[in-house]
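There are 2 protein chains.
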Amino acid sequence: MMSLFANTPKPPYYAVIFTSIRTEEDNGYAEMAERMITLAKQQYGFLGIESARDEVGITVSYWSDLTSIKNWKNNVEHIVAQEKGRDIWYKSFKVRISKVERDYGMT
Amino acid sequence: MMSLFANTPKPPYYAVIFTSIRTEEDNGYAEMAERMITLAKQQYGFLGIESARDEVGITVSYWSDLTSIKNWKNNVEHIVAQEKGRDIWYKSFKVRISKVERDYGMT
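Listed in order, the protein sequences are those of chains P and B. Each step along the first sequence adds one to the number in the working numbering, with nothing skipped, and position 95 is 95. Each step along the second sequence adds one to the number in the working numbering, with nothing skipped, and position 60 is 60.
Since no wrong hints were added, every one of them can be taken at face value.
Put simply, identical chains are the same to the list, so a pair is met inside one copy or across any two.
Listed next, the in silico DSS-like pairs over lysine-lysine satisfying Cα-Cα at most 25 Å (straight line):
#1 K91 x K10
#2 K41 x K70
#3 K73 x K99
#4 K73 x K84
#5 K84 x K41
#6 K10 x K41
#7 K99 x K70
#8 K10 x K70
#9 K99 x K10
#10 K94 x K41
#11 K41 x K73
#12 K41 x K99
#13 K73 x K91
Because the hints were derived from the structure by calculation, they are not lab data.
Whenever a hint applies, use it, and build me the whole structure from the sequences.
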């Protein structure tokens, strides 16, 4: 169960909130999405990821700092995925880069 | 289509990232969830909301400032919902309060 939650450290850290609406086109999407998660997990500064989709998809990835987020955005394999995302997989999307200042919960 | 996306202003603004795992108990959940969205939209400082659920649920609400977030947390009707959430509807949840510093996208 807990693997669905990102096990993030004490704030501050960063959250990249990626909201998207998919096209009907599959065209390798599922495979690429899985590969990107595997690859993200290998990046320096990666802290965790949470993802859900019904009408809209929301993926939140957590990072230790802005430099790690920038490096991930510029990862060569990730750039290819981003381009296919714009061209084929997403009708629309929004990326928000935010600094987590406080967190709490029940686990 | 666009109503699934929050139409947020230029940063900075705040995002409350609410990640949850539900119990099997319905017990008025759907009705309460809908009511909370209606009520949140009436609050001062509310900017928008995005929500998706499959294995995990992710709801991100956007706010102009921390005071508005605090006021919403302390809203009387919302407090009742939070208590039922802890007691009945959620196996686990996490709330992260973050400041959106930058955003971009394709719409």
